[in-house]
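Undergrad: The opening residue of the sequence shown carries number 0 in numbering that gives the first Met the number 0; numbering runs sequentially from there.
It should be emphasised that the hints constitute simulated quantities derived from the structure, not laboratory data. Backbone N, C-alpha and C fix where the C-beta goes; we use that ideal spot for every residue, glycine too. Please note: incorrect hints may appear among the correct ones.
[Stated by the list, open to error] FRET-style restraints, in silico, Cβ to Cβ:
no., residue 1, residue 2, range
1, F9, K30, 26 to 36 Å
2, G38, V1, 45 to 55 Å
3, P40, L19, 41 to 51 Å
4, S42, A12, 28 to 38 Å
5, V15, R71, 15 to 25 Å
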Amino acid sequence: MVINKRWAAFLVAVGVWTWLIWPRFGLAIWKDERSFADGAPTSFLWVHALLIAASLAIGTGVGVLGVKAWRRAAD
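Take these sequences, add in the hints, and give me the full structure.
TA: Laid out in structure tokens, this is it:
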């Protein structure tokens, strides 16, 4: 499958967007009063941490695919 540069740039942008948005969301979750009970992390924190980690992993994969596609795309 060949991806043109336009789609490759889109994939890179999605990867960058993921890394701009999810860490900020993570900080908001960390500061949320539902994240800790008696100093211990709650399931609210763990579920959101898992979602954030999965989203960052997927976003990284998409971004890497975009960079590879960009390098291989014809001008």
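Undergrad: Work down the list of hints and note, for each, if the structure agrees.
TA: Structure-based check of all given hints:
1. With their beta carbons about 32 Å apart, F9 and K30 fall inside the hinted range of 26 to 36 Å.
2. The beta-carbon spacing between G38 and V1, approximately 53 Å, falls within the hinted interval of 45 to 55 Å.
3. The hinted window of 41 to 51 Å between P40 and L19 is violated, with their beta carbons roughly 25 Å apart.
4. For S42 and A12, the Cβ-Cβ distance of about 33 Å falls inside the hinted range of 28 to 38 Å, so the restraint holds.
5. A hinted range of 15 to 25 Å for the beta carbons of V15 and R71 is consistent with their spacing of about 19 Å.
Hint 3 alone, counting from the list given before, is not met by this structure.
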